[in-house]
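This is what each chain is made of:
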Amino acid sequence: MRLYEHEAKSIFRSLSISTPQSVLVGSLSELRKVTFPVVLKAQVLLGRRGKAGLIQGADSLDEALSILQDMIGKRFDGHEVKAVLVEEKVDVEKEYYCAATIDRIRHRPLLITSDQGGMEIEEISRVHPETVHKRHFEPGEKIEPYVGREMASRIELKGERLVEMGAVLTKIYTMLVEYDCKLVEINPLVITTDGRILALDAKVDLDEDAMYRHSELRRLGIEPRHEVGELNEREKIAKAAGVPYVELDGDIGTFPGGAGFGIAVLDLISHFGGKAANFMDSGGAPSQERLRLMIGLLMDNPNVKVVFGARFGGISRCDDWARAVVQYVTETRPSKPMIMRMVGNMEKEGWEIFDEARRVDPEPFKNIKIYRWDTPIEEVIKEAIRVARGM
Amino acid sequence: MAIIIDEKSKVIVQGITGRNASLHTKFMLDYGTQVVGGVTPGKGGEEVHGVKVYDTVRACVNDHPDVTVSSVWVPPRFAKDAILEAIDAGVRTVIVITERIPVHDMLQIRRRADELGVLVIGGNTPGVISPGKCLVGMLPKVVFTAGNIGTVARSGAITYYIANSLTLSGFGESTSVGLGGDPILGSNFETVLRLFEEDQETDGIVLAGEIGGVYEELAAPFIREMKKPVVGYIAGVVAPQGKRLGHAGAIIEGEMGTADSKINVLREAGVSIAKTLSEIPELMRQRL
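Respectively, the protein sequence lines represent chains A and B. Reading the first sequence from the start, the letters are residues 0 to 390 in numbering that gives the first Met the number 0. Reading the second sequence from the start, the letters are residues 0 to 287 in numbering that gives the first Met the number 0.
Hint data in this document are derived by calculation from the structure and do not stem from the laboratory. Here the structure is a predicted model, which means the values were calculated and not measured. All the given hints hold, so there is nothing to weed out.
Which stretches of chain B does chain A cover? Using the computed rule of at least three CB atoms under 8 Å from a CB of chain A, they are:
id, stretch
1, 99-113
2, 131-141
3, 210-217
Just so you know, even glycine gets a beta-carbon here, dropped at the ideal spot from N, CA and C.
Produce the complete structure using the sequences and hints provided.
Okay, structure coming up:
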């Protein structure tokens, strides 16, 4: 889960990593009591904000208000600016790069520094590879302060600055491990003309699977949330229920099973010439209530012409799935056809549930086809595409 | 022979008293897997489908010194503890069903497993099956047939569809291994590929990956050295960039994580890439 700059900086300050003086504003009227000049930074989870005009300097209140007016409530690449961080403009003597992250090839945490801050790390590595210094750690290893000082001396710092920068680098690595981060990046980390070491920017990616053990983040106002972009009504419902669901621009609703196969279904539909209306992860042994909600999301999406569904019972059971489908269909009697396939654990019980429901109340099942293990999944998908085309 | 598990495997179930673990313990027993004990701290002395429950892995291993495999079903916040407990008690293979284990926990688990030469499969794996011999995990036995193909896949359901597709085409599997869907895994593809390469019952291998992470790319150098043919399938060709799709592994991170990158790197290493699941047996037939 990526953090907004102001959230990341609030963690920095709690660890005594200094940031420029700042105030977070959500509306024009909140902009008071700042000393000019300032820098206004739109709080959106987008890279290269400077180039997009999302970071701008202002020398006076009027100028700042006019910039704020152009930022707050506006959308950039689908991201709405809900808040702007107004920071003191600092005089920079030199920019550095530093990051702590996980090397996923060597499976070790890693600290990276360079004295060529301000550029993206990819660019620094390309243009000035000799300035990029890396230090790997053993998983779970605590950092000793001398390691930070060593890293600081490699970026050519001396004296008091070496000691101070060493402490900052040590804290950045500590934050990676103790806050369960996947990335802590400060670019640029600057030394100001008046000798302060300040984090001018902040990119932090938290491991959402470890949020449960970080109540201290809640105290800083950081809550688990959806990764990127804006959600429509159905995506909001899905999110509230904890169902991974992303709408796309096609007409075949997908109710596929687990995430990996959910991704494969998008490929298969596209391969055979159709277009999926959504990605969904309906695996992981969902309850019947969740399953009914999932079907409802697809049926309620006006772009959906047909629902493709599959259950390959592993940890998610066929009988649970069948009960949820039957209950949804008999209660809401959907007009949209459903083309599905069911196989796997508790399959026999699943078929009994369908057979019984059809016997008692056949009418709502007229539009519903469920295939067995001996029909390849590709054939089921092709049929869903034919139905979507009205063939 | 098969790899990782066979008819001689002695298996324990950590977290056996949970709903899923208990149901799948029954399925494993029905399949013929020798489940010799279960572990749930504080519930020692109970029984689940006739399997004795212990408070600790060590107590279980004391009664059953021949335990070879543990399967871990505990909630994610207890996973590191459970896996390290199994390793510490001397279990040599740990199959981790639990999903969404914190990344830093997995790094530490890998480190300990590497130091001691323990095989950790998962997390977020559906398990491992050597059809006709042994099943550890929650894979649906109905679609698996014994045969000479080894499968290793990141996603659970894709593992099942591959088995289904192979079975429908007259193939079967020596062993099918769910590598796991979490972002940091206990084993790389290469570890499993090496076992298949040496396994006398395996003649060809299916490798199924998906967008996100670097595990598929990391397998390429070893695949180049392999004598046995590898057929690959990569999910996520049309996945929208930058959107989190379900489990944490499926995030596109940099060039290396894209489907195109994985397909190109694997193809250059000699892997035949299938575009659909039904193409997998066709390509395998051509390569064998």
